[in-house]
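2 protein chains.
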Amino acid sequence: MAELVKVVVDAMGGDNAPAEPVKASVDAVTERQDIQVILTGKKDIIEKELSKYENYPKDRIQVVHASEVIETAEPPVFAIRKKKDSSIVVGLNMVKKQEADAFVSSGSTGAVLVGGQVLVGRSKGVERPPLAPLIPTKDGVSLLVDCGANVDARPSHLVQFAKMGSIYMENVVGVKNPRVAIVNNGAEEEKGNALVKETFPLLKECEGINFIGSIEARDIPAGYADVIVCEAFVGNVILKLYEGVGATLIDKIKGGMMANFRSKIGALLVKPALKATLKTFDASEHGGAPLLGLKGLVVKTHGSAVAVEIKNAIFQCVQFKQQKINEKIAEQINGETVQPQQ
Amino acid sequence: MAELVKVVVDAMGGDNAPAEPVKASVDAVTERQDIQVILTGKKDIIEKELSKYENYPKDRIQVVHASEVIETAEPPVFAIRKKKDSSIVVGLNMVKKQEADAFVSSGSTGAVLVGGQVLVGRSKGVERPPLAPLIPTKDGVSLLVDCGANVDARPSHLVQFAKMGSIYMENVVGVKNPRVAIVNNGAEEEKGNALVKETFPLLKECEGINFIGSIEARDIPAGYADVIVCEAFVGNVILKLYEGVGATLIDKIKGGMMANFRSKIGALLVKPALKATLKTFDASEHGGAPLLGLKGLVVKTHGSAVAVEIKNAIFQCVQFKQQKINEKIAEQINGETVQPQQ
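One line per chain: the protein sequences are B and E, in this order.
Letter by letter, the first sequence follows residues 1 to 342 of the working numbering.
Letter by letter, the second sequence follows residues 1 to 342 of the working numbering.
Simulated from the structure, these hints should not be mistaken for lab results.
We put the beta carbon where it would ideally sit given N, CA and C, even for glycine.
Be careful, since some hints might not be right.
What the hints assert, rightly or not - Take a look, some chain B residues computed to stay more than 12 Å from chain E by CB distance: (1) E47; (2) E68; (3) K96; (4) D251.
Said to hold, decoys possible - List of simulated lysine-lysine pairs, DSSO-like, C-alpha gap at most 27 Å: (5) E/K240 <-> B/K264; (6) B/K138 <-> E/K240; (7) B/K254 <-> E/K275; (8) E/K204 <-> B/K138; (9) E/K254 <-> B/K275; (10) E/K264 <-> E/K275; (11) E/K240 <-> B/K204; (12) B/K138 <-> E/K138; (13) E/K271 <-> B/K279; (14) B/K240 <-> E/K264; (15) B/K279 <-> E/K328; (16) B/K97 <-> B/K328; (17) E/K252 <-> B/K275; (18) B/K138 <-> E/K264; (19) B/K279 <-> E/K252.
Put together the whole structure using the sequences plus the hints.
Put into structure tokens, the structure is as follows:
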């Protein structure tokens with residue numbers, strides 16, 4: 001049997017804590033035998049929440065007390081430094097000390113990003129660990145790398161994003177020979193800002209990735225590439241506009257369906273089928289976003305994540321560990337062959 | 001009566017030329033008495049197209065022959081320099097020589113942008129003329145400035161974009177005291193890349209605009225600001241992702257409605273109401289994008305524009321001229337009071 005993967009889950013992070021992270025943990029250890037979950041946060045609150053569940057393998061859920069909570073509005077660097085007994089810092093430190101393989105949190109994105117880099121630390125050779133969420137496309141998902149805190153990135157960073165993103169898509173998501181594209185303001189090679197123009201030839205020469213050239217933002221939702229490379233400011237705009245356009249459009253469609261009696265009847269009839277369709281185009285359905293290139297694994301789930309998403313993020317961690325993603329990243333970045341651990 | 005506004009329309013530009021630009025011109029002069037249209041392009045083709053219409057004020061449509069056509073795929077700078085007898089160059093030169101007030105084209109965006117700057121020329125004090133399309137929001141439209149060719153802009157450029165955008169929204173679109181926001185990767189003032197961090201305090205201090213701070217991409221479709229300021233690379237990503245997410249989502253919704261018999265019946269009932277709603281969220285419905293800060297007016301309409309959009313762009317030109325936008329821009333940028341021309 002595969003070895004037990006130990007995932008720390010932040011029980012205090014996100015809009016739906018502690019109920020949803022606790023439920024996710026219970027469901028995860030119930031569904032799969034190869035997972036151990038460590039819940040960090042206020043012990044009494046977590047245990048009260050856990051007591052709502054009966055039939056689950058109790059030996060595979062552990063609670064580690066953390067007396068503090070980092071709020072979303074707190075400045076991340078300051079919060080990580082000051083709240084040493086917060087659920088985020090305690091959880092990340094367990095990954096740092098290799099007491100756990102991965103950390104999953106729906107809490108402050110800033111704190112998770114900063115804490116991941118500062119506490120867990122970068123893998124050897126990795127210049128900037130990018131945050132890489134999966135975004136929905138017409139018939140699947142693409143990895144958008146970077147959506148993190150690395151604004152004003154350099155060309156060499158983007159090349160590493162492309163390499164790490166390819167490894168993740170191939171081994172965790174299961175896309176063979178993933179197509180890598182760089183976000184550009186035109187399809188032609190001579191287009192771009194200074195960063196893209198400098199990065200383009202480097203990606204073209206880069207071995208071990210399947211670089212297909214520029215991608216215009218218009219073609220991202222159509223799924224023209226599997227790994228979408230950009231610096232974090234642009235990545236943030238893409239990720240958030242996805243949500244924004246989707247939300248406004250769905251709002252307008254709902255309004256349009258209520259326009260008159262005829263359309264109201266129609267709305268009742270299409271609603272169930274439509275709901276199922278729209279779910280496939282909801283960014284929050286696609287698990288968590290890994291922070292790639294760290295010594296351990298850190299996954300950020302949506303602030304509004306519910307149990308099923310957090311559970312999927314826990315499963316992602318197992319896949320990440322079992323597929324030895326960090327070893328593969330180290331090999332790609334440094335050109336070193338890492339012996340698989342037994 | 002107001003003086004006649006002279007608008008040059010590129011009869012050869014866009015996917016639907018010459019039929020749609022010619023129809024737009026006929027409709028424009030028929031609907032409004034204060035417009036004269038000059039069609040540029042191949043004379044025989046235009047006249048053949050015009051001969052399909054009978055009852056329109058023929059004295060207010062003029063044809064100016066241009067033997068060449070700039071194709072979309074041609075490198076813009078080269079095309080403008082080489083094809084001196086193209087419909088775009090001939091049209092822009094008429095604006096330059098003040099033989100016309102404005103130029104409207106659905107042709108090559110690059111050629112129109114380059115030609116506008118090189119041939120018509122920048123207004124005194126304007127550093128970079130931005131392309132500023134209107135994008136649909138939940139209940140109206142916002143101006144996205146810049147979506148042009150000015151990638152890697154400087155803070156002073158963005159401040160001018162804010163000023164010019166405010167004047168346009170207030171006087172052409174009719175939004176009183178338009179809210180100006182800068183695209184950022186977070187709502188807090190300390191967020192941003194180097195460009196945004198440098199620009200933010202300048203916008204805060206800038207007189208004559210209603211600066212409301214940062215806007216996250218998520219809030220753009222909800223209509224939180226009237227003038228959305230960003231550099232052109234980001235503007236291009238926003239504009240094209242708007243289209244892309246919209247198209248994919250609508251595609252998926254159509255698919256979802258065809259899922260089963262029940263939903264198919266529903267789809268028939270909601271279709272008319274839905275179609276009307278989606279029209280209001282279609283970027284191409286909102287006329288053309290002006291190139292702001294030139295000595296004359298240049299408006300770019302979608303490559304796929306049909307007559308109604310081109311006609312609306314022509315009407316925009318009239319509003320632009322009658323509201324003396326260029327005089328107001330000159331006043332704002334240079335602090336000069338310009339005497340309105342009689």
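So if I understand the rule, the pair passes when the alpha-carbon distance is 27 Å or less; does B/K138 with E/K264 pass?
holds, 21 Å
Run the distance test for E/K264 versus E/K275: straight-line Cα separation, threshold 27 Å.
Roughly 16 Å between the alpha carbons, so the hint for E/K264 and E/K275 holds.
Holds or violated: E/K252 and B/K275, Cα atoms, limit 27 Å.
holds, 11 Å
B/K254 paired with E/K275 [C-alpha distance capped at 27 Å]
holds, 12 Å
With a cut-off of 27 Å on the C-alpha distance, tell me whether E/K240 and B/K204 pass.
Status holds; Cα separation ~24 Å.
Could you check that no beta carbon of chain E comes within 12 Å of the beta carbon of B/K96?
The assertion about B/K96 holds, with a minimum of 27 Å to chain E.
For E/K204 and B/K138, compute the direct alpha-carbon distance and say whether it is at most 27 Å.
violated, 41 Å
Given the hinted pair B/K138 and E/K138, is their alpha-carbon gap at most 27 Å?
holds, 23 Å
Compare the distance between the alpha carbons of B/K279 and E/K328 with 27 Å, and conclude whether the hinted pair is satisfied.
Roughly 48 Å between the alpha carbons, so the hint for B/K279 and E/K328 is violated.
For the pair we were handed, E/K254 and B/K275, check the Cα-Cα distance against 27 Å.
This hinted pair holds, its Cα atoms lying about 12 Å apart.
Keeping to a limit of 27 Å between CA atoms, is the pair of E/K271 and B/K279 held or broken?
Roughly 21 Å separates the two Cα atoms, so the pair holds.
Are the Cα atoms of B/K97 and B/K328 separated by 27 Å or less?
Given that 27 Å is the threshold and the Cα spacing comes to 21 Å, the pair holds.
Of the numbered hints listed earlier, those contradicted by the structure are 4, 5, 8, 14 and 15.
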